[in-house]
Amino acid sequence: MSATAATFERLATVERSPGYWSGVIRRLRRDPVAMVALAIIIGLVLMALFSPWIAPADPYRSSMLRRLRPIGTPGFPLGTDELGRDMLSRLIYGARLSLLMGVTPVFIAFFVGSFLGITAGYVGGKVNTVVMRTVDVFFAFPSVLLAIALSGALGAGIFNGLLSLSIVFIPPIARIAESVTTAVRKIDYVEAARASGASSMTIIRVHVLGNVLGPIFVYATGLISVSLILASGLSFLGLGVKPPEPEWGLMLNTLRNAIYVQPWVAALPGLMIFITSISFNLLSDGLRSAMDIKA
Amino acid sequence: MLLYIAKRVLYTLPVALGVSIVCFMLVHIAPGDPLTSVLPPDASAQLQAEMRRLYGFDRPLPVQYGLWLLKTLQGDLGTSIATGRAVAVELWSAMGNTLMLAVLATAIGFVLGCLFGFVAGYFRDSWIDKLASFVSIIGVSVPHYWLGMVLVIIFSVQLNWLPATGAGPGGSADWVWDWAHIRHLILPAVTMSVIPMGIVARTVRALVADILSQEFIVGQRAKGLLDLGVLRHVIKNAAPTALAVMGLQLGYLLGGSILIETVFSWPGTGFLLGQAIFQRDLPLLQGTILVLAMFFVALNLIVDVVQTLLDPRVQRS
Amino acid sequence: MSAAAPLLSVNGLTKHFPLKGGFFGRSTGTVRAVDGISFDVAEGETLGIVGESGCGKSTTARLLVDLIRPDGGEIMLSARRLGVDLPLRDLRRNVQMVFQDSYASLNPRLTMEEAIAFGPTVNGVSTAEATRLAHELLFKVGLEPKRFAGRYPHELSGGQRQRVNIARALAFKPKIVILDEAVSALDKSVEAQVLNLLGDLKRELGLTYIFISHDLNVVRYMSDRVMVMYLGEIAEIGPVDAIYERPSHPYTRALLAAMPSMDPDHLTREAPLAGDPPNPINPPSGCRFHTRCRHAATVCISTPPGLYTLPGERHLVNCHLAIPNSGHPGIEAVTA
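Residue numbers (the working numbering), protein chains in the order written: chain Z, 1 to 295; chain W, 1 to 317; chain H, 1 to 336.
When the alpha-carbon atoms are kept at most 27 angstroms apart in a straight line, the in silico DSS-like pairs for lysine-lysine are as follows:
(1) 173(H) to 202(H)
(2) 7(W) to 126(Z)
(3) 188(H) to 202(H)
(4) 173(H) to 146(H)
(5) 126(Z) to 186(Z)
(6) 173(H) to 186(Z)
Hints listed in this document are in silico derivations from the structure and should not be mistaken for laboratory results.
Turn these sequences into a full structure, and let the hints guide you.
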């Protein structure tokens, strides 16, 4: 019955199955729609990172002499805006603030919301009641209204915009995190881990996080598109980013009166928001089915 | 069942109270003093103190909240700093315009969404499904304020078929049900309907696909039972959820109409909010948000109760 | 066996669950899941626990490893009392549990070696040493480490997963393993293999089992002694042969009579137990079984009998019929 030590020492010879995440990545790579969406997103991120090298002109240099030129003007392939600034350069630079304002709040809300929801779900009892009832109150606002209420009260500015949007996305993420954690907590392997005498922190780290972060993450990626639209929407309303910074929502706002002169130039920033938002949505859908999570 | 409804109503009260606290706090998280926007910059310290007392800003927060809540419950939402008129009066006319827009948009979105969703779910995994799913994903991904601009560019600027802004000819705000006014409603309503359309389509597609994959339906179809019977079954089972989604979407549109109302200069609550933000008119901001949020809370409650009545199996917690 | 102190001794163990409901989650009653039970388990024996669902079998198991806090009673391990001179950590290291659902018992994100090594590592064993131990245990439960150590739960069959769960419990080098319906979900042929494995492991490692099941045949095969539970109480406890050959409690007799038999001489002729057990929220007065008992008399309705030790053997029964001068007029007098 006793086995030789050599049998157990050669760990390298153990056959290993690919882990869960490598399976997810493999399935995702077979999804052409998700791959195209991912390529677009990577392109947008690269555009934001390397704008100074990509953009043909200075996005801030205005000229009253060449205002609102049409698409295809020599030297200004996408025309110029109401202050004569190069549209192509402004759209390229716009990726920086638009992505920052759209993605950061979801990122922050992912951490804060997961922390609140997992804590509430794992600890249960009074902690759960306090956290979840507070979340319910914020959930009772339509997200657009809450974002506008908060940033309307706080006033314009990048920081206030980020803060408002983060607060908007914490409740939905906390809700998902709480329900997933409550479900996982009741499963036998968590009970077995408790019976092993492991501390709550260890159980959460080894047994809870690995099983709840995936679903929460997928849900959060689905919020990025909403966040992008909302963030640009805030700037569109004069909240959020302030002029003269290039940001797609703000550009859409300042070009609104130009629709009678150069309608298609005026519509370009919105197209960028649309492309970004739909790419994130398609990637999120692909990720969801690759991770086999029910909607 | 009655107990569930009673519980659901009771549960709404603390949420509504919490919502009111958040709205109350909006004025207090604002940087600076809410009075600075009305007072001249060189106002004397005495005038400032007097105004502060007049508005009640000198008392402790919980007391201020209590007084504010009491006033609010009596229908007094305060006075607009910018116009000097009662917030409730400003809201009343705006609310009607927003409701009209949101209800119409929800109706359009619901009909189209059901259609797309049903076709997609019925012919699951066919090219029709892929197309319908793509349309619905566009619906939830498009920045609707931009879509509004594009529609204005096409139908007002290029084709000159429909007016671009306002709620009536010559900027009149009084609504009349005639073509001159209805023309103004078309573009904003269609723009707004895109969001509920996408979401309703997604929901209905999932519901229909799920119902059709149930064994007894597969059996009925195999037996060659007339599709009409299957159709009736699908509608009966999908309707409660689809209606609930529609109700919630109406709430989201009411609260989220600001962007579209800004694009079309539609004189509704969103437009009012925009003004309040632009002029830093905090009482107006606070009152509008409170009313819209309470509308949403009430709508949530109604949707839950109606859904429970239609389908007693569903009891959302 | 009787001279030394029992390995595990349970005294007056009680767990009442408050029933949440009504407005604002006020308590509207209590479920008396486990109501003051006492029993001993000797070193090296297997105690079987049987009873209908809801009788408190699983709650008892969970109380023994402190997954739920008891409301009353004491647990003693090797004459050390939990909470006094027995730290919880020691109890948990010495008493391990295997659950019914082999899939739910394993974290889907951990490989088998990680799952088994988890317990030792949280108790201070180095990862390398714990992994080596995991491989050794996999071998011991009949799974070749080379093939199984790096696998995930969904790649294994139910029987293989339950072997891993046993290995995981053994990783603590426990004295007692509680098997809570551990083989109930398995196919009959697989069940037999796992039962044989459990027997081998017990002999090799000198284990003590608490074997919980609703399958009376399996309990008979595995157990040295059997405890019959009814509505949170012990109905009868005693050596396996005494319980199966000379059951003294009408409930035990009813359970045994309902057992499917392969023996043509002992065909099941009647269904002596009618209906479901009464609601444990408001258990019947007196003897809890009187509402379903064919021999119930007035005394059964008014007075709880209490455990009575039958003469001669370690056989205890909770029934007025067995107690001399209990006031019960006897079977003949009351049987319908």
